[in-house]
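In terms of this note's numbering, the sequence shown opens at residue 1 and continues consecutively.
A couple of the hints might just be wrong.
[Unchecked claim] Calculated pairs, DSSO-like style, for lysine-lysine (alpha carbon to alpha carbon, straight line, at most 27 Å):
1. K100 with K55
2. K47 with K100
3. K18 with K76
4. K55 with K98
[Said to hold, decoys possible] What follows is a list of derived Cβ distance ranges for each label pair:
5. R109 with Y156: 49 to 57 Å
6. V17 with F153: 18 to 26 Å
7. T78 with S48: 14 to 22 Å
8. F132 with C2: 15 to 23 Å
9. C145 with S48: 17 to 25 Å
10. F132 with A74: 26 to 34 Å
11. D157 with L110: 51 to 59 Å
12. F153 with N90: 50 to 58 Å
13. D87 with A133: 29 to 37 Å
14. K94 with I147: 47 to 55 Å
15. I89 with T140: 41 to 49 Å
16. E107 with D157: 51 to 59 Å
17. C2 with T32: 16 to 24 Å
18. C145 with K18: 15 to 23 Å
Source of the hints: derived by calculation from the structure; they are not laboratory data. We treat Cβ as the ideally placed atom computed from N, Cα and C, and that holds for glycine.
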Amino acid sequence: MCVILVPILIVNCTLLVKSFINKDEVPDFGGTLPLIVLTDSMYPDIKSGDLIICKAVDAKDVAIGDVISFYDPAGKGTSVVTHMVIDIINEDGKISFKTKGINNNTEDRLPVPEANLIAEYTGIRIPGAGNFAIFMQSTTGLIVCVILPIILFVGYDVI
Numbered sequence: 001m002c003v004i005l006v007p008i009l010i011v012n013c014t015l016l017v018k019s020f021i022n023k024d025e026v027p028d029f030g031g032t033l034p035l036i037v038l039t040d041s042m043y044p045d046i047k048s049g050d051l052i053i054c055k056a057v058d059a060k061d062v063a064i065g066d067v068i069s070f071y072d073p074a075g076k077g078t079s080v081v082t083h084m085v086i087d088i089i090n091e092d093g094k095i096s097f098k099t100k101g102i103n104n105n106t107e108d109r110l111p112v113p114e115a116n117l118i119a120e121y122t123g124i125r126i127p128g129a130g131n132f133a134i135f136m137q138s139t140t141g142l143i144v145c146v147i148l149p150i151i152l153f154v155g156y157d158v159i
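Make a model of the complete structure from these sequences and hints.
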């Protein structure tokens, strides 16, 4: 049990510390980022509620057809979008990407500047794990998944 739980604890603690230190960045663990998908714009490849694994990548290494995660240029830098690259624009040495959700009818309105690029989707997804992670962030999830097991472990040791 400890062999399974200790690495999970180390990864989670690292992600928590990085999220507090760098509030404006998506926390990573060795260049690998777990992201929760909230919409079906990439359905059927990636579904709402999935946890996807992305790897930090340089903009010049992105190719047409790659699926990238980026800060939405239409937003205020707070929402992260994962879409497929349909075109690469290189103007005066500055790279930007035209993207589209494969389940969307049209391409994204604004091109994604390379500064907004976060990572590339590795093809690894854990179906439904994103919903579980969101549940864990709620008060009920904290009680059910953290406090209750601690009480049970302590109670078992006392008995």
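Quick rundown of the hints versus the structure:
A C-alpha spacing of about 19 Å is found between K100 and K55, which places the hinted pair at or below 27 Å, so the restraint holds. Under the criterion of a C-alpha separation no larger than 27 Å, the hint pairing K47 with K100 is consistent with the structure, at around 15 Å. At most 27 Å may separate the alpha-carbon atoms for a hinted pair to count; K18 and K76 meet this at roughly 21 Å. Proximity of K55 to K98 is assessed by CA-CA distance (about 20 Å); at most 27 Å being required, the pair is judged to hold.
The hinted range of 49 to 57 Å is satisfied by R109 and Y156, whose Cβ atoms lie roughly 56 Å apart. The hinted range of 18 to 26 Å is satisfied by V17 and F153, whose Cβ atoms lie roughly 24 Å apart. Checked against the hint of 14 to 22 Å, the pair T78 and S48 passes, with Cβ atoms roughly 19 Å apart. A hinted range of 15 to 23 Å for the beta carbons of F132 and C2 is consistent with their spacing of about 22 Å.
Evaluation of the 17 to 25 Å hint for C145 and S48 yields a pass: the beta carbon distance comes to about 21 Å. The hinted window of 26 to 34 Å between F132 and A74 holds, with their beta carbons roughly 29 Å apart. Checked against the hint of 51 to 59 Å, the pair D157 and L110 passes, with Cβ atoms roughly 56 Å apart. For the hinted restraint 50 to 58 Å between F153 and N90, the CB-CB distance of approximately 56 Å keeps it satisfied.
Against the hinted window of 29 to 37 Å, the Cβ-Cβ separation of D87 and A133 comes to about 32 Å, which satisfies the hint. Evaluation of the 47 to 55 Å hint for K94 and I147 yields a pass: the beta carbon distance comes to about 50 Å. Separation of I89 from T140 is about 46 Å and conforms to the stated range, judged on CB atoms against 41 to 49 Å. Remark: the range hint 51 to 59 Å for E107 to D157 is upheld by a beta-carbon distance near 58 Å.
With their beta carbons about 23 Å apart, C2 and T32 fall inside the hinted range of 16 to 24 Å. The hint said 15 to 23 Å for the Cβ distance between C145 and K18, and at roughly 21 Å that hint holds.
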